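The residues making up each chain are set out below.
Number of protein chains: 2
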Amino acid sequence: MKLVCSQSDLNTNLSLVSRAVPSRPTHPVLSNVLVQAETETQRVLLTAFDLSLGIQTSFAAEVTTGGEITIPAKLLNDIVSRLPDGEITLEEIASETESPEGNEGLVVTLTTTSGRYEMRGMETDEFPPLPRVEEGMALCLPVEALMEGLRGSLFATSSDETKQVLTGVHLKMEQVGENDHTPLLEFAATDGHRLAVVQTVLGTEEEAENDQAQMPSEEDSSESELNSTALKSLDLTLPARALRELEKMLGMQGAGETIALQFEQGQIVFQGGEHRLTSRTLEGQYPAYDKLIPNQFQRQITIERRGLLSSLERIAVLADQKNNIVKFTIDSVNQQLELSVEAQDVGSGRESMSAEISGESLEIAFNVKYLADGLKALPTPDIQIQINEADTPVILTPLGGLKMTYLIMPVQLRN
Amino acid sequence: MKLVCSQSDLNTNLSLVSRAVPSRPTHPVLSNVLVQAETETQRVLLTAFDLSLGIQTSFAAEVTTGGEITIPAKLLNDIVSRLPDGEITLEEIASETESPEGNEGLVVTLTTTSGRYEMRGMETDEFPPLPRVEEGMALCLPVEALMEGLRGSLFATSSDETKQVLTGVHLKMEQVGENDHTPLLEFAATDGHRLAVVQTVLGTEEEAENDQAQMPSEEDSSESELNSTALKSLDLTLPARALRELEKMLGMQGAGETIALQFEQGQIVFQGGEHRLTSRTLEGQYPAYDKLIPNQFQRQITIERRGLLSSLERIAVLADQKNNIVKFTIDSVNQQLELSVEAQDVGSGRESMSAEISGESLEIAFNVKYLADGLKALPTPDIQIQINEADTPVILTPLGGLKMTYLIMPVQLRN
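Read top to bottom, the protein sequences are chains U and R. At position 140 of the first sequence (counting the first as 1) the number is 280 in the working numbering, and the numbers step up by one without a gap. At position 279 of the second sequence (counting the first as 1) the number is 419 in the working numbering, and the numbers step up by one without a gap.
It should be emphasised that the hints constitute simulated quantities derived from the structure, not laboratory data. It cannot be assumed that every hint is accurate.
Since the list can't tell identical chains apart, any single copy or any two copies may satisfy a pair.
Claimed, not checked - Under the rule of at most 25 Å between Cα atoms (straight-line distance), these lysine-lysine pairs were calculated in the BS3-like manner:
1) 303 with 372
2) 303 with 142
3) 462 with 214
4) 543 with 467
5) 467 with 303
6) 214 with 467
7) 214 with 388
8) 303 with 509
9) 214 with 509
10) 543 with 431
Computed from a predicted model, the values in this text were never measured in an experiment.
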């Protein structure tokens with residue numbers, strides 16, 4: 141294998157795939173990145189895979205000799221990221237010494253104008269192949285819709301690994317009826333304390349079919365072209381870790397572009413431009429969250445989101461000294477909302493702001509963190525808070541724009 | 141006490157003094173900031189003190205009722221820093237409840253347009269007074285000279301608290317002779333592995349005397365005016381922690397300004413503008429570092445600093461896998477410097493660059509971190525590396541500009 145490429149191409153693509161390199165690999169080869177150079181296409185393919193999350197990218201290079209090898213990902217990334225912009229030559233050479241296992245070692249050299257590095261590689265046959273979804277069904281998603289869905293749900297996932305499906309985001313697309321031309325993709329996340337649900341519009345079916353015709357095809361083979369049947373419904377849970385990487389990958393796509401999604405039992409593949417991300421789905425029944433969201437509310441507050449968040453963050457300083465609970469005093473007569481906290485032996489605080497309030501006055505309390513998380517994630521300048529009683533679920537929704545629901549349970553106030 | 145001030149003034153000054161609030165106070169009152177409001181001067185004085193480092197600042201405010209109180213520093217700072225720009229009213233009020241100790245509690249209210257906070261304060265008589273140096277000698281230092289000295293020495297101090305004086309920077313000013321009109325202040329720091337020495341010019345004695353006449357005087361009393369005798373020599377070690385805060389304080393002074401330094405056995409006071417910083421000096425004899433620096437060298441390399449640092453940082457990726465040692469191959473015939481590293485079982489690397497080399501060729505090795513630290517701290521585009529043999533001290537100096545010496549010991553190479 142021998143190839144010449146630019147430092148910036150190699151650096152950008154290495155940084156991206158490196159995120160799928162496990163910090164504690166179960167097998168040595170998993171800490172390596174798979175480098176595949178093709179003379180025909182004059183392209184290089186980089187792959188990293190931790191057996192659950194896989195990332196693959198490709199970029200143009202001057203490939204003199206085709207071939208493939210795996211190289212320690214961190215070492216290569218650390219060197220390449222410190223190089224100035226310019227040409228880099230990667231070449232597999234005959235090893236002068238034997239590897240520690242007594243096998244003939246594979247050695248890769250990296251050459252620049254000022255320096256030369258040698259790194260021990262490993263055979264590619266030990267590198268597990270990235271899952272392919274050949275029989276699976278495909279769907280084309282606008283980058284913006286995916287971004288909105290992830291931004292509005294990922295933060296509400298559980299970080300407790302023992303909570304299984306709650307560490308992921310649930311994706312659901314209902315079977316689209318014949319007369320219904322606006323399919324919706326729903327993102328839901330809950331850690332048991334709060335719930336975030338985002339519905340994004342995928343565009344009309346016709347648009348989706350047109351997109352599918354222009355779907356990016358793979359460089360290296362035709363077998364994986366997305367010629368599978370169009371996906372009509374979806375119901376799966378994806379690990380937050382993979383989706384956070386997908387979010388970064390989406391950031392590298394242009395606005396207005398689409399991402400192809402392929403799904404087969406237990407495995408999902410996202411492909412956008414030159415980037416491909418694969419992930420295992422999380423097993424287990426996702427909670428029936430729909431039932432938690434009340435249909436009717438007795439009280440409604442319309443309020444400026446940033447103002448409320450700023451007040452809450454100041455109140456949080458004192459709430460932090462106590463039990464992290466903030467009290468809302470909803471005064472419908474004066475159209476005023478007061479936030480207050482009492483931290484005995486430390487101090488107290490209150491903030492008031494005007495709001496558009498319908499329904500009767502009420503006192504209700506919330507956990508500061510769960511409330512603040514929702515206020516940060518809601519995307520619009522104004523929001524609505526809908527309440528029944530001081531002990532029933534409360535929902536926050538953006539006013540206009542995205543269809544998002546954030547549900548929190550109030551905290552019982554002891555008087 | 142009652143005062144009205146701007147959020148930005150209170151926030152800036154609180155952030156500064158808060159750095160002297162101990163994280164684990166030996167007495168509860170030390171976690172508080174002392175607030176003193178004066179009607180006569182219409183100024184507020186803030187003080188924090190951990191019994192070693194003390195910081196005091198003052199700013200203008202509308203003081204309706206003079207008085208003083210101590211307020212929990214972190215709580216006050218956290219609330220004030222989250223407030224939008226605007227007016228803040230601080231007021232001591234009669235407490236409604238008793239403090240946990242059963243004493244009548246002190247309560248301070250903080251009021252803004254949108255909110256009101258109450259915090260429990262403490263009596264000021266428990267707050268230890270900031271050390272004053274009334275009999276001590278004074279010296280005026282240009283802000284730039286102090287900055288240069290700190291920047292070139294602080295990084296080389298030891299972070300190991302058991303190493304006593306080595307955790308500080310040694311300041312030395314020799315007795316100035318009658319015919320010598322350019323007094324030098326020397327900053328030295330060593331952790332036992334490397335040594336950094338900076339000499340800064342303080343300007344002529346006449347300039348210094350003029351500066352002294354314009355030295356800032358305190359607002360609150362005339363007793364501490366810097367009317368003490370001018371300091372003619374100096375020999376003390378100051379804790380790195382206090383000097384790092386001094387560096388931040390200097391950053392808030394304008395260019396061309398001066399800092400007044402007062403010293404009395406065991407205690408030093410820096411005063412600049414509205415800011416005052418006091419610190420204990422470190423006890424113990426500072427090593428006689430002058431003797432370590434050779435007077436003559438057999439080899440000299442003149443080289444571009446950033447280029448050498450970049451190469452070293454790439455080599456460091458591989459050195460990090462092994463023993464953190466980089467080998468320099470000095471080739472005086474080809475006027476080339478080669479950096480190399482061999483990390484067995486991982487790989488190897490080498491970087492070469494042209495350099496102006498005098499003296500014979502040589503192989504010599506260094507600890508990567510100590511070399512990189514020095515290259516980062518040297519302030520000029522080109523530097524000189526002066527060497528005798530592969531096992532004797534090596535010094536790095538900037539080419540032009542500041543007078544700085546960075547000394548490192550080579551590492552023995554086993555072949």
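Fill in: Intra/inter-copy verdict for residue 303 and residue 509 if alpha-carbon distance must be at most 25 Å
Only inside one copy: residue 303 and residue 509 sit 20 Å apart there, 43 Å across copies, limit 25 Å.
Worksheet item: For the identical chains here, do residue 214 and residue 509 meet the 25 Å Cα criterion within one copy, between copies, both, or neither?
Response: between (36 Å within a copy, 20 Å between copies)
Discussion item. With identical chains, the pair residue 467 and residue 303 could be close in the same copy or across copies; at 25 Å between alpha carbons, which is it: within, between, both, or neither?
Written reply: neither (30 Å within a copy, 51 Å between copies)
Worksheet item: Within a copy, between copies, both or neither: where do residue 462 and residue 214 come within 25 Å Cα-Cα?
Response: between (43 Å within a copy, 15 Å between copies)
Worksheet item: Should residue 214 paired with residue 467 be assigned to within, between, both, or neither, using CA atoms and 25 Å as the limit?
Response: between (49 Å within a copy, 23 Å between copies)
Discussion item. At most 25 Å between CA atoms: does that hold for residue 543 and residue 431 within a copy, between copies, both, or neither?
Written reply: within (18 Å within a copy, 74 Å between copies)
Worksheet entry | Within, between, both or neither, where residue 303 and residue 372 count as close if Cα-Cα is 25 Å or less | The answer is neither: 29 Å in one copy and 70 Å across copies each exceed 25 Å.
Worksheet item: Under a CA distance limit of 25 Å, which applies to residue 543 and residue 467: within one copy, between copies, both, or neither?
Response: Neither: 27 Å inside a chain and 61 Å across chains, both beyond 25 Å.
Item to complete: With 25 Å as the alpha-carbon cut-off, assign the pair residue 214 and residue 388 to within, between, both or neither.
Response: within (19 Å within a copy, 36 Å between copies)
Item to complete: State whether the alpha carbon distance between residue 303 and residue 142 is at most 25 Å within one copy, between copies, both, or neither.
Response: Cα proximity of residue 303 and residue 142: none, with 47 Å in one copy and 53 Å across.
When held up to the earlier numbered hints, the structure conflicts with 1, 2, 4, 5 and fits the remainder.
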